[in-house]
Each structure stands twice: as C-alpha cells, then as structure tokens.
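Going down the list, the protein sequences come from chains U and A.
Okay, so the first sequence: first residue is 1 according to the UniProt record's numbering, each after it adds one.
Okay, so the second sequence: first residue is 1 according to the UniProt record's numbering, each after it adds one.
Please keep in mind that the hints were generated in silico from the structure rather than gathered at the bench.
Model, not experiment: these values are computed from the prediction.
It is possible that some hints are incorrect.
[Unchecked claim] No more than 25 Å apart at the CA atoms, straight line, and that leaves these computed lysine-lysine pairs for DSS-like: (1) A:K290 / U:K358; (2) A:K170 / U:K168; (3) U:K358 / A:K16; (4) U:K290 / A:K361; (5) A:K358 / U:K16; (6) A:K114 / A:K126; (7) U:K358 / A:K291; (8) U:K290 / A:K424; (9) A:K133 / A:K170; (10) A:K16 / U:K168; (11) U:K291 / A:K361; (12) A:K168 / U:K170; (13) U:K361 / A:K290; (14) U:K291 / A:K170; (15) U:K424 / U:K358; (16) U:K361 / A:K170.
2 protein chains.
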Amino acid sequence: MSESSQESNQKQHIDKELLMESLKNDNIENFRSEFLDLHAYDQASFFMELNEEERLHVYHFLSPEEMANLFENLEIEDDEYSDVLAEMSPNYAADMLSNMYADDAVDVLNELDKDQVVSYLTIMNKDSAQEIKELLHYEEYTAGSIMTTEFIAIAANQTVRSAMHILKSKAPSAETIYYVYVVDEDRTLVGVLTLRDLIVNEDDVMISEIMYDRVVSVSVGEDQEEVARMMRDYDFLALPVVDFQNHLLGIITVDDIIDVMEEEASDDYSKLAGIADLDSIDRNPISAAKKRLPWLVILLFLGMFTASLIGRFEETLDKVAILAVFIPLIAGMAGNTGTQALAVAVRGIATGDLEKEKIMKIISREAGTGVITGTTCGILVTFIVYFWQGDLFLGGLVGISIFFALIVATLAGSLVPLIMHRLKIDPAVASGPFITTINDIISILIYFGIATAFMSYLTR
Amino acid sequence: MSESSQESNQKQHIDKELLMESLKNDNIENFRSEFLDLHAYDQASFFMELNEEERLHVYHFLSPEEMANLFENLEIEDDEYSDVLAEMSPNYAADMLSNMYADDAVDVLNELDKDQVVSYLTIMNKDSAQEIKELLHYEEYTAGSIMTTEFIAIAANQTVRSAMHILKSKAPSAETIYYVYVVDEDRTLVGVLTLRDLIVNEDDVMISEIMYDRVVSVSVGEDQEEVARMMRDYDFLALPVVDFQNHLLGIITVDDIIDVMEEEASDDYSKLAGIADLDSIDRNPISAAKKRLPWLVILLFLGMFTASLIGRFEETLDKVAILAVFIPLIAGMAGNTGTQALAVAVRGIATGDLEKEKIMKIISREAGTGVITGTTCGILVTFIVYFWQGDLFLGGLVGISIFFALIVATLAGSLVPLIMHRLKIDPAVASGPFITTINDIISILIYFGIATAFMSYLTR
Chain U
1 MSESSQESNQ KQHIDKELLM ESLKNDNIEN FRSEFLDLHA YDQASFFMEL NEEERLHVYH
61 FLSPEEMANL FENLEIEDDE YSDVLAEMSP NYAADMLSNM YADDAVDVLN ELDKDQVVSY
121 LTIMNKDSAQ EIKELLHYEE YTAGSIMTTE FIAIAANQTV RSAMHILKSK APSAETIYYV
181 YVVDEDRTLV GVLTLRDLIV NEDDVMISEI MYDRVVSVSV GEDQEEVARM MRDYDFLALP
241 VVDFQNHLLG IITVDDIIDV MEEEASDDYS KLAGIADLDS IDRNPISAAK KRLPWLVILL
301 FLGMFTASLI GRFEETLDKV AILAVFIPLI AGMAGNTGTQ ALAVAVRGIA TGDLEKEKIM
361 KIISREAGTG VITGTTCGIL VTFIVYFWQG DLFLGGLVGI SIFFALIVAT LAGSLVPLIM
421 HRLKIDPAVA SGPFITTIND IISILIYFGI ATAFMSYLTR
Chain A
1 MSESSQESNQ KQHIDKELLM ESLKNDNIEN FRSEFLDLHA YDQASFFMEL NEEERLHVYH
61 FLSPEEMANL FENLEIEDDE YSDVLAEMSP NYAADMLSNM YADDAVDVLN ELDKDQVVSY
121 LTIMNKDSAQ EIKELLHYEE YTAGSIMTTE FIAIAANQTV RSAMHILKSK APSAETIYYV
181 YVVDEDRTLV GVLTLRDLIV NEDDVMISEI MYDRVVSVSV GEDQEEVARM MRDYDFLALP
241 VVDFQNHLLG IITVDDIIDV MEEEASDDYS KLAGIADLDS IDRNPISAAK KRLPWLVILL
301 FLGMFTASLI GRFEETLDKV AILAVFIPLI AGMAGNTGTQ ALAVAVRGIA TGDLEKEKIM
361 KIISREAGTG VITGTTCGIL VTFIVYFWQG DLFLGGLVGI SIFFALIVAT LAGSLVPLIM
421 HRLKIDPAVA SGPFITTIND IISILIYFGI ATAFMSYLTR
C-alpha cells in the first residue's frame with residue numbers, strides 16, 4: 001500500500017505523454033513550460049528514455065545552461081557519456097560542460113578520451129576551462145577529485161549585511177549558499193559560518209564576531225572515504241578542502257558524499273562476493289559473465305590446487321572412504337568462519353574502528369573467538385558423527401579438525417585484510433572467495449593430516 | 001602524509017588537557033568557554049572518553065539544553081543509553097531529552113525499557129512529550145520512525161518578507177531552515193521553497209509565485225531504504241513526510257539519511273557474510289563469538305546434511321576414491337558463483353534496478369550467464385583434469401558437473417533473494433553462507449549422480 005502511494009507521489013510530477021507529444025510536434029513552448037518545471041532528476045529520467053532522434057530535439061529545445069542542469073543528474077554508464085556528447089554540436093557540448101558545476105563536469109570529462117577532453121576545453125569559455133583543468137589534476141578517490149570550486153568566500157572584517165550582499169550575488173552559481181567560508185588576503189581559511197548564522201544576526205554585526213574559527217577541513221589529498229566519515233560524524237552539509245598551507249581550494253557537498261558512500265559500500269560488498277563491478281547494470285548474459293568469470297577462473301585454479309592436495313591423500317581415502325563424506329563440512333565451516341572474520345575486519349577498517357587498536361589485541365581477540373566457536377562446533381560435530389556413524393574416533397577426528405580449522409580460519413580471515421591494509425596493499429585481493437579458498441586448503445590439510453597420522457585407529 | 005596532516009587538522013580543535021584540568025579543578029568557567037566552542041561531535045568524542053565521576057562533573061557544568069546537543073552526537077552501543085541516562089538526575093535527563101530534536105530523542109527512547117520511557121515522558125515538558133509520543137508510534141525502518149517534527153511551514157499567501165520573519169523566529173528550534181514547506185489551512189503540503197529562493201527574491205514577492213508546487217514527498221509508512229534512494233537521486237537536503245491525505249507530518253534530513261545508508265549497507269554486507277550484527281564493536285572474544293555462532297551452528301547442521309548426502313554415495317566412493325578429490329572444487333565453484341549471483345541480486349534490489357525488470361527476463365539473463373560461465377569453467381576443468389590424471393572420462397565428468405552446477409548455482413543465487421523479496425519475506429535467510437551451502441548440496445548431488453550413473457566408465 002505504501003509503495004503504490006509512493007509511486008503515485010513520484011509519478012504525478014511528470015506528464016510524460018504531454019512531453020512526448022510536444023517533442024514530436026516540435027511544440028517548443030509546451031515542452032519547455034512543462035519540462036523546465038521538473039526537478040533535474042526527473043528531467044534526466046525522462047531524457048534517458050528517449051531515442052537519439054528525440055534527444056536531438058531536446059538539445060534543440062534547451063539552452064546549454066538548461067541542459068547542464070539535466071546532465072548533472074544523468075545516470076548512465078561511464079562509457080556512454082562520450083556517445084551522448086557526440087550527439088550535440090561541439091559548441092553546444094562545450095557550452096553545457098562549462099555551465100555544469102566544475103566537479104560534475106570533471107566527472108564527465110574523466111570518462112572521455114584525452115583528445116576529446118582537449119578539444120572541449122579549447123572551445124569552452126576560458127574561466128571554466130581553467131577551473132576544470134585544475135580539478136582534472138587531482139588523483140581519483142581523493143578529496144580533490146570530488147571537490148568543487150564554486151563556493152562562497154568572504155573576509156572577516158565584513159558585516160552581515162555585506163556578506164548577505166555577496167551571497168545574493170553568488171547564489172546563482174555557487175553549489176551551496178548555506179555555508180560561507182571566511183578567508184584572509186592569502187585565501188587562508190580562517191573561519192566558517194552558516195546562512196542560519198547570517199539570518200539570525202543583525203545586519204551590522206561583524207563576521208569576525210560570529211564566525212566559527214575552529215574550522216574542520218580536509219586536505220586535498222585525503223581519501224574520499226575518510227571525507228565521507230567526517231561528513232557523517234559532523235553532520236555537515238559541506239566540508240572545505242585545503243592545501244598544506246591551509247589555503248581554501250574548494251568544497252565537497254553532502255550530495256557528492258552520498259554518492260561516495262554508495263560507491264564505497266558497493267566496493268566492499270563486491271569484494272566480499274568476489275565480483276568485479278556491481279555498479280553498472282547487467283544488460284545481458286555476456287556483460288554479466290564478463291564481470292564474474294575473471295574471479296571464477298582464478299578460483300578454479302585455486303580449487304584445482306586444493307584438489308591436488310587431497311590427491312596426495314588418495315591412499316588414505318582409498319582405505320577409509322568415509323573420510324570423503326566430511327570434506328565439504330570441514331572446508332565449508334572454515335570458509336564460513338573466515339568470511340565472517342573477514343567481514344568484521346573489512347567493516348572495522350572502513351569505519352576506522354580497527355585503526356585505533358593494537359594489532360596484538362586484535363590477534364588475541366580473534367584467536368579467542370576462534371577457540372570459542374571452534375570448541376562449540378567441534379564438540380557438537382563429535383557427538384553428531386558419533387551418534388550417526390557409531391564411531392567415536394571418527395567423530396573426534398572430525399571434531400578436532402573443525403576445532404583447529406575454525407581457529408586458523410578466523411585468524412586468517414581477520415589478519416589477511418588487516419595486514420594488507422597496514423602495508424598499504426590494495427585489500428581487493430583478500431576478497432571473500434579468496435579467503436574461503438585459502439581456508440578450504442588449510443582445513444583440508446588439517447583434516448587429512450590428522451586422519452593420516454592416526455590412520456590405524458580408523459577401524460572400518 | 002595526507003593522513004597525518006588530516007589528523008592535525010582534526011586534533012587542533014580540541015585542547016583535551018585544558019578540558020580535563022578544568023574538570024578536575026571544578027573550574028566551570030574555563031571548561032565551558034573551551035568546551036562549548038567545540039563542534040557537538042567533538043564534545044561527544046571527549047565525553048565518551050571520560051569515566052563516570054568525570055561525566056557527573058559534565059552534567060553539573062552543562063545545562064540540559066547544552067547536553068542535548070552533545071547527546072545527539074553520542075556514538076555508544078544501544079544498550080548503554082540507559083546507563084548513561086541513569087547517571088543524570090531524572091529531571092535533568094527528561095529536560096535534556098525534551099531539548100533534543102524529536103527524532104534523536106525517539107532513537108534514544110527506543111533503546112530503553114517501557115517503564116523508563118513512560119517515567120521520562122511524564123516529567124518531560126508536555127509539548128515535547130506529545131511530539132515524541134506520536135513519533136514513537138511509527139514502525140521501525142519506516143519514514144515515520146526517522147522523521148522529525150521540527151520543520152518550518154508557511155502559507156502560500158505570505159510574502160517573502162513575512163516568510164523570512166517566521167524563519168528567523170523558528171531558526172533556533174528547526175532542524176533545517178534551508179527548506180521551507182508551504183501548507184494550506186488543513187496542513188496539506190502544497191509547495192516547497194529553499195532559503196536560496198527566499199534570499200534571491202525581493203521582499204514583496206508572494207510565496208505562491210516562487211514556490212515549487214510539484215513537491216516530491218514520501219509517505220509516512222515508506223521503507224527508509226526507499227527514502228534514502230530518493231534523497232540520493234534528487235540531491236535534496238530534506239524530504240517532507242506526508243500521510244495518505246498529503247498532510248505534512250514531518251521532514252527527514254540528509255544527515256539522518258546518511259546514517260540510514262550506513263545501516264543498510266552494513267546490513268546487506270552482514271547478510272552476505274552470514275554474521276548477525278556488524279554495527280557494534282567486538283570488545284572481547286565472547287561478544288564476538290556470540291554474534292558468529294548462531295549462523296555457524298545452523299550451517300553446521302546444513303553441512304551435516306551435505307555429509308549425509310555424500311554418505312549415500314559411499315559405495316561409489318569406495319570403488320573410485322579419486323572422486324573425493326574434486327568435491328571441494330565443485331562445491332566451492334558452485335558456492336562462489338552463487339554468492340556472485342546473490343550479490344548482484346541483492347544490490348539490484350537495494351538500488352531498485354531489479355524492481356523495474358520482469359522476473360522472466362532476469363531468469364533468462366541469469367541462466368545465460370550460468371551457461372557462459374559454466375561452459376568456460378567446465379571446458380577448462382575437463383582439460384586440466386585430463387592432463388593431470390590422464391583420464392578423459394574423469395575430466396569430462398568433473399567438467400560436466402561444473403557446467404551444470406554453475407548454471408543451477410547462478411539461478412539459485414539470484415532467484416532465491418528475488419523471489420523472497422517479491423513475496424515480502426525477509427531476505428535475511430538468503431544470506432551468503434546459506435546460499436553457498438544450498439549450492440554445495442546441489443552440486444554434490446549433480447556430481448555423484450552423474451558419477452554413479454556412469455560408474456562403469458570410471459576405470460581405475
């Protein structure tokens with residue numbers, strides 16, 4: 001019930017039929033009066049459903065500035081930007097790009113070939129081109145790469161009245177007018193105040209009296225995940241970005257941080273599932289298989305290695321075939337425990353909680369956890385196997401194997417990503433299936449090692 | 001480098017030693033002048049490091065209103081709220097709760113016993129108690145449960161001047177003043193405008209002329225995940241919450257949505273890893289084991305079931321021990337593929353992409369994906385086993401088993417969560433290890449089924 005009502009809430013805003021009709025009849029006035037009244041996200045949703053011919057009409061109907069607004073909200077695959085831009089005349093496209101917020105324009109340009117970028121920047125208006133060029137320099141996933149330069153900065157020796165005056169004049173181009181940054185003559189960041197502060201204070205009050213001078217800022221090379229964490233903790237709507245001399249370079253707004261959070265969450269999740277990229281939509285089986293096969297093939301070879309290890313115990317298996325029955329159980333339990341420990345460690349790294357702890361403390365806690373889960377599951381298995389097979393020794397063998405396998409798997413699951421993170425190695429390698437396969441191997445070695453050593457007791 | 005600079009950026013704001021000294025020397029003025037200058041998040045971080053005696057000083061030094069600000073930013077375990085509140089006098093605690101934003105107060109009260117809630121609500125100021133009582137009614141994880149009632153509403157027949165007047169008077173208590181909602185005499189939501197709109201327009205302009213009348217709103221029973229999705233798509237700083245007659249009930253601000261996104265991402269991630277709760281920090285092995293054991297025990301029984309299935313093929317295994325060697329490979333590959341498909345489906349459900357598709361289209365795409373990955377891995381395995389064991393029939397057997405196992409595992413991984421979601425069953429059951437274990441069972445049945453049927457060809 002709530003869902004359908006929600007849909008109607010959303011749908012009532014777009015009169016698609018009217019829009020399509022005006023498009024087809026070339027009725028520019030009807031189209032514009034309806035279309036420009038929509039939220040940019042709804043404009044973009046409508047635009048994405050059009051075919052190329054219809055889109056050509058839209059470029060004709062909208063100014064580059066109006067198109068910029070729509071384009072910032074476009075959700076298409078990274079490799080499609082180039083195609084859509086190619087539909088526009090180069091001047092129109094360049095004009096549109098220079099009318100976009102600099103950070104969004106940079107996101108689009110980052111998906112194009114270098115030649116295309118250069119050609120758009122050449123015909124673009126000089127100021128925008130300069131701004132964009134500077135932003136293009138910053139490394140991906142840093143604060144610099146997601147910041148925008150369209151912020152409002154004022155001087156401390158102004159009054160509220162003059163600050164409001166500046167704010168009104170900059171309102172059309174600034175990405176947010178709710179935070180105003182205070183800088184000195186060198187553009188050093190000295191304070192911040194919100195529009196709320198400006199509104200509730202009298203016109204003659206000096207900015208220096210009401211500004212907050214302990215500004216929380218991020219440096220331009222900071223990891224975007226850390227920026228997201230600060231935005232979450234401080235509940236800001238924007239964060240200032242500074243260089244090492246504390247000069248204000250740009251701001252990062254909360255809407256961009258929401259996208260970063262989605263991206264980072266999706267990234268952690270993909271790694272745990274062992275899949276290359278979950279962000280883009282699978283349109284057909286081939287594109288889906290392309291993303292899954294690389295990991296599967298690697299895991300296949302690891303699996304063959306596991307198989308060859310078991311192969312070494314063929315003699316043991318030949319004599320006591322019942323041993324094979326418990327291989328998936330032991331390997332599976334080790335894999336499950338390892339994945340749990342991995343998930344805890346990766347989330348701990350992501351939220352910063354684990355950073356604060358000493359590595360020895362984590363090791364001892366995880367070892368303790370492994371002992372508790374190992375003991376519980378080990379004892380449980382021993383009894384189940386004993387009652388099922390009537391063989392206490394076999395039960396004990398499987399139980400003890402699970403005991404050791406769970407301890408080692410817990411430690412491996414938590415320590416591998418942690419150590420890799422501390423060594424600044426990309427933890428992508430420590431993905432879920434990888435840890436699972438490693439733990440398969442370890443647990444099977446433990447199981448067959450013990451079984452082979454005590455072979456003579458396995459009376460069958 | 002960037003990290004250390006970041007830390008100094010953050011740390012320079014808090015002079016902990018000064019604060020601790022003023023606390024110990026009972027120097028209330030020094031403490032207040034330093035402490036109240038901090039961002040509420042930094043106040044909360046400092047507060048969390050104190051022991052009980054020191055915290056009692058803080059309650060003495062700060063007014064309930066000042067404490068409310070800190071308390072909203074407190075990041076402690078859910079079960080600790082009750083202890084911290086018990087340290088305060090009941091009147092102080094009630095006063096503080098009534099000074100908190102209603103949504104944050106509700107979050108805290110939700111963690112207390114019913115008796116405690118009632119007693120706080122009784123001594124609290126009537127208006128706040130009424131507001132909080134209404135919010136307490138909404139079901140968890142709905143828009144109603146995360147909304148706040150401290151919004152600014154105006155009438156359409158006002159001027160910009162009078163709207164700004166209302167805004168200034170409500171600024172101290174409203175959770176955001178950047179969005180102003182326009183309602184008619186019945187409190188029906190008819191429009192919205194931003195503070196930016198108010199600022200750039202002349203004082204005499206009527207609100208009805210500049211307001212945006214196609215308001216995007218959510219209904220009060222809407223799932224919080226859907227609310228987060230809309231906030232992300234539309235880049236709003238707040239969303240209005242309405243009932244079925246479109247009466248404005250409250251607003252949801254972006255900072256709360258960031259917390260929802262974290263919670264939902266963490267939730268999806270926990271399910272994939274098969275772990276109960278990743279949000280709270282594991283302080284010791286016992287609390288860690290408590291969260292992991294429930295799943296492990298369930299999986300243990302499922303694993304025993306897998307073992308009993310293999311047990312039925314003991315005769316086959318007795319004759320051809322080499323078959324056991326490939327059990328982990330086949331089960332592992334099926335588990336990995338299933339987890340990948342599960343991850344794609346769960347993310348697709350979370351982002352809403354899969355909602356738009358017909359279920360038959362998804363089935364055929366996933367089946368296609370399974371055929372491609374199955375064929376690739378199947379052929380690869382056939383050759384590897386052939387070259388390793390010199391037995392083409394054995395290679396073919398393992399290859400064909402992998403081919404079928406991958407197809408079934410891909411379908412199971414994607415369809416189980418999808419069907420459960422459509423049937424409105426909690427998809428928590430379809431967690432990663434569960435799907436993995438199901439796929440273990442299916443793949444082993446396929447493998448031993450084929451092996452037993454063609455037993456006579458397995459010449460060893």
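>> Against the 25 Å threshold, does the CA-CA distance of K291 of chain U and K361 of chain A hold or violate the hint?
In response: 19 Å, holds
> Straight-line Cα separation of K290 of chain A and K358 of chain U no greater than 25 Å?
Replying inline: Holds, at about 23 Å.
> CA of K170 of chain A to CA of K168 of chain U, is that 25 Å or under?
Replying inline: 22 Å, holds
> For the pair supplied as a hint, K290 of chain U and K361 of chain A, is the alpha-carbon distance within the 25 Å limit?
Replying inline: 19 Å, holds
> Does K16 of chain A lie within 25 Å of K358 of chain U when you go C-alpha to C-alpha?
Replying inline: Holds. K358 of chain U to K16 of chain A sits at ~22 Å (cutoff 25 Å).
> Between K290 of chain U and K424 of chain A, does the CA-CA distance stay at or below 25 Å?
Replying inline: 31 Å, violated
>> K168 of chain A and K170 of chain U were given as a pair; does the straight-line alpha-carbon distance stay at or below 25 Å?
In response: Holds - the C-alpha atoms of K170 of chain U and K168 of chain A are around 22 Å apart, at most 25 Å.
> Is K16 of chain A close enough to K168 of chain U, meaning Cα to Cα at most 25 Å?
Replying inline: 40 Å, violated
> If you draw a straight line from the CA of K291 of chain U to the CA of K170 of chain A, is it 25 Å or shorter?
Replying inline: 53 Å, violated
> Are the Cα atoms of K361 of chain U and K290 of chain A separated by 25 Å or less?
Replying inline: 19 Å, holds
> Within a Cα-Cα threshold of 25 Å, do K133 of chain A and K170 of chain A meet the stated pairing?
Replying inline: 22 Å, holds
>> Check the hint pairing K358 of chain U with K291 of chain A against an upper bound of 25 Å on the C-alpha distance.
In response: The given pair, whose Cα atoms are some 22 Å apart, holds under the 25 Å limit.
The structure shown violates the earlier hints numbered 8, 10, 14 and 16.
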